[in-house]
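One-letter residues, chain by chain:
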Amino acid sequence: MEVEIRNRPSFANLLVNMQAGERIIAEADAMASMSSTIEMSTRWNGGVFSAIARRYLGSESMFVNEFTTASAGHIVLTQPFPGDMACVELQGNTIFLQPGAFIACETGIHLGLGWAGWKSYIAGEGLFRLKLSGRGRVWFGAYGAIFTREIQNEYIVDTGHLVAYEPTIGISIGLAGGIFSSFFGGEGLVTRVRGPGKIYMQSRSFDGLAAWTNSYLY
Amino acid sequence: MISPHDQTFTGGVFHESIPNGRVGAHIRVSRGEIVAEPMYNDTDSNGGTLSFAIPIREVQLDMGGASGKMIFCRTQDKSLTIFCEERGFAQALEHESAGILGDRLKSLRGSLRKDNRRFMFWVGVSFLACLVFCVVGYYSLLASARVAVHALPTNVDEQIGKAAIQQMILNRLPRDHQASELVQKIVERLKPHAKYPEMDFQIYVVPNSEVNAFALPGGQMVVYTGLIENAESPEQIAGVIAHEMSHATLRHGLQQISQSLGIVAAVQLLIGDVGGLLAFGTQLAQQSVMTSYSRTAETEADLEGARMLYAAKLNPKAMADFFAKLKHEHGDIPGAISWLSTHPQHEDRIDAINRFSESLAPVDFVPIDVDFNAIKKSVK
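Chains A and B, in that order, give the protein sequences.
Residues in the first sequence are numbered consecutively from 1, following the working numbering.
Residues in the second sequence are numbered consecutively from 1, following the working numbering.
Honestly, I wouldn't trust all of these hints.
[Claimed, not checked] Straight line, CA to CA, 30 Å or less: simulated DSSO-like cross-link-like pairs of lysine-lysine: (1) K78(B) - K114(B); (2) K106(B) - K119(A); (3) K131(A) - K69(B); (4) K380(B) - K198(A); (5) K131(A) - K78(B); (6) K162(B) - K191(B); (7) K195(B) - K325(B); (8) K106(B) - K185(B); (9) K78(B) - K106(B); (10) K380(B) - K185(B); (11) K191(B) - K69(B); (12) K198(A) - K191(B); (13) K69(B) - K119(A); (14) K313(B) - K195(B); (15) K198(A) - K69(B); (16) K119(A) - K78(B); (17) K114(B) - K198(A); (18) K377(B) - K313(B); (19) K380(B) - K162(B); (20) K114(B) - K131(A); (21) K119(A) - K114(B); (22) K325(B) - K377(B); (23) K185(B) - K162(B); (24) K313(B) - K185(B); (25) K119(A) - K131(A).
[As the list claims (entries may be wrong)] Calculated from the model, a selection of chain B residues having no Cβ within reach of chain A, i.e. all distances over 12 Å: (26) H26; (27) R104; (28) R113; (29) L131; (30) E188; (31) R307; (32) F365.
The hints are simulated quantities; they were obtained by calculation from the structure and are not laboratory data.
The model shown is predicted, which means the values in this text are computed figures rather than measured ones.
From the three backbone atoms N, C-alpha and C, an ideal C-beta is built for every residue, glycine too.
Make the full structure from the sequences, and use the hints.
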């Protein structure tokens with residue numbers, strides 16, 4: 001299965017070329033177009049309860065679609081907001097995604113929902129996070145461009161910019177500077193990440209978009 | 001290679017020889033070594049079974065990760081890291097190292113607990129700060145809503161009052177009825193002394209034996225014939241009307257709305273959106289919620305009413321007398337309860353009105369010149 005991320009970074013979408021018997025799992029509503037030879041089946045995103053949990057706690061759909069083909073064909077998968085997409089290949093390791101980031105994965109991947117904790121909540125990453133483990137490729141999207149960094153020691157990310165990280169990454173909340181500069185410098189709280197591991201960041205944040213939009217509403 | 005009594009844990013390895021630098025692995029602690037075998041060996045280009053090992057004597061331990069409980073085992077040169085967060089892994093390390101790693105693990109756990117306690121402390125402090133901010137904010141918004149009510153033009157009150165009175169089904173006495181003329185006369189006399197003399201005061205007499213009177217915002221007032229029947233003098237009626245006019249001029253109705261709507265109204269008042277307020281006020285007025293005010297509002301209306309009476313050369317004591325009469329006789333007067341129930345603590349109020357009256361410089365009061373007995377008869 002060949003997968004190409006096209007039109008990067010602003011309006012990235014996945015072009016998935018499938019051969020007979022290959023399968024891909026995609027977030028409900030991610031499909032933008034596909035060959036007529038592709039068959040789609042919908043199933044609960046995990047069990048019924050975990051699907052409901054993922055819907056309400058992980059901002060993902062209750063259902064996922066599985067695409068397969070008996071001959072060959074292609075699918076275009078997309079995400080609702082403008083931004084880049086990235087691919088991670090898992091080899092028995094795990095990756096956490098911020099709620100709403102998941103787009104597609106291969107069938108060897110297990111989709112789960114994990115408690116992320118209050119620190120993550122304060123960091124603007126939600127109380128829960130999607131936990132993907134197993135073997136295969138995972139595609140996820142972000143708002144804005146995606147940049148990655150391999151962390152050995154400590155690194156600082158502004159709240160709302162962290163899209164994905166490995167479980168080896170520790171997260172704590174800190175002030176950007178002193179009390180005054182933190183709140184009046186516009187940075188407020190920041191997320192301190194501690195390695196080892198890799199983090200994926202987005203160059204825009206939804207909070208920033210919301211604040212910017214709000215400034216025009218009143 | 002794994003002997004059956006060895007415990008195997010699930011974790012991972014970081015090493016530069018692995019494609020992407022990391023892989024999920026099965027980990028075991030045995031024979032003085034921490035050994036990690038990648039879950040998917042076919043990624044190894046050499047074809048052989050790949051495994052990574054760190055001798056326990058040389059291992060450097062650290063704790064962290066997303067859960068805070070992941071144990072990292074590193075070689076001295078940090079080129080190889082084996083990590084695992086399964087519960088039994090620390091015990092296995094402790095056991096296998098024969099106590100060498102015990103102290104290190106204990107201190108790592110201690111600092112984890114310390115970090116957690118510090119985090120919870122700050123969460124608690126922030127929560128309290130938010131709570132204080134919300135409570136203080138709520139009350140200061142309410143207070144500013146009270147101020148904002150007075151900043152709003154009085155035609156807001158008038159719109160609410162008129163809309164509400166139109167929707168109340170009231171069987172009013174005609175304008176040229178003797179009783180209507182009396183109350184009209186009283187309003188005309190008090191009006192120049194009101195806080196907002198330009199307010200459009202409208203008073204209606206409704207045939208009903210209950211002793212009742214109420215004011216809607218903007219000067220719309222209703223007096224029941226029961227009140228006229230039970231009054232001993234036109235001045236007593238003037239006392240009640242002055243009290244009700246004061247509710248309107250002190251804008252208690254709007255304050256009531258802003259309090260019933262709470263924070264929403266407060267914010268709306270502050271940003272000047274009165275559309276929702278009008279709709280809600282009309283609804284409230286219909287439910288007669290607005291005709292019962294707080295104790296502070298009642299006392300305020302008493303004193304403002306007494307001031308108006310005095311300014312109009314009417315004896316404010318008449319107001320207190322009427323309250324006293326109602327209090328004294330309310331067992332005998334059917335329906336007297338209805339006005340009393342919305343006007344509680346009358347003893348204190350009677351005292352307050354009397355004290356106020358006595359503090360005033362004596363003037364020659366000008367009585368209301370009507371044939372009161374004829375009017376009383378006409379409403380029976």
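Results of checking the hints against the structure:
no., hint, in the structure
1, K78(B) - K114(B), "26 Å, holds"
2, K106(B) - K119(A), "24 Å, holds"
3, K131(A) - K69(B), "17 Å, holds"
4, K380(B) - K198(A), "91 Å, violated"
5, K131(A) - K78(B), "27 Å, holds"
6, K162(B) - K191(B), "18 Å, holds"
7, K195(B) - K325(B), "28 Å, holds"
8, K106(B) - K185(B), "90 Å, violated"
9, K78(B) - K106(B), "22 Å, holds"
10, K380(B) - K185(B), "20 Å, holds"
11, K191(B) - K69(B), "77 Å, violated"
12, K198(A) - K191(B), "78 Å, violated"
13, K69(B) - K119(A), "15 Å, holds"
14, K313(B) - K195(B), "16 Å, holds"
15, K198(A) - K69(B), "18 Å, holds"
16, K119(A) - K78(B), "28 Å, holds"
17, K114(B) - K198(A), "26 Å, holds"
18, K377(B) - K313(B), "27 Å, holds"
19, K380(B) - K162(B), "29 Å, holds"
20, K114(B) - K131(A), "27 Å, holds"
21, K119(A) - K114(B), "15 Å, holds"
22, K325(B) - K377(B), "20 Å, holds"
23, K185(B) - K162(B), "21 Å, holds"
24, K313(B) - K185(B), "14 Å, holds"
25, K119(A) - K131(A), "17 Å, holds"
26, H26, "9 Å, violated"
27, R104, "18 Å, holds"
28, R113, "15 Å, holds"
29, L131, "16 Å, holds"
30, E188, "46 Å, holds"
31, R307, "42 Å, holds"
32, F365, "55 Å, holds"
Of the numbered hints listed earlier, those contradicted by the structure are 4, 8, 11, 12 and 26.
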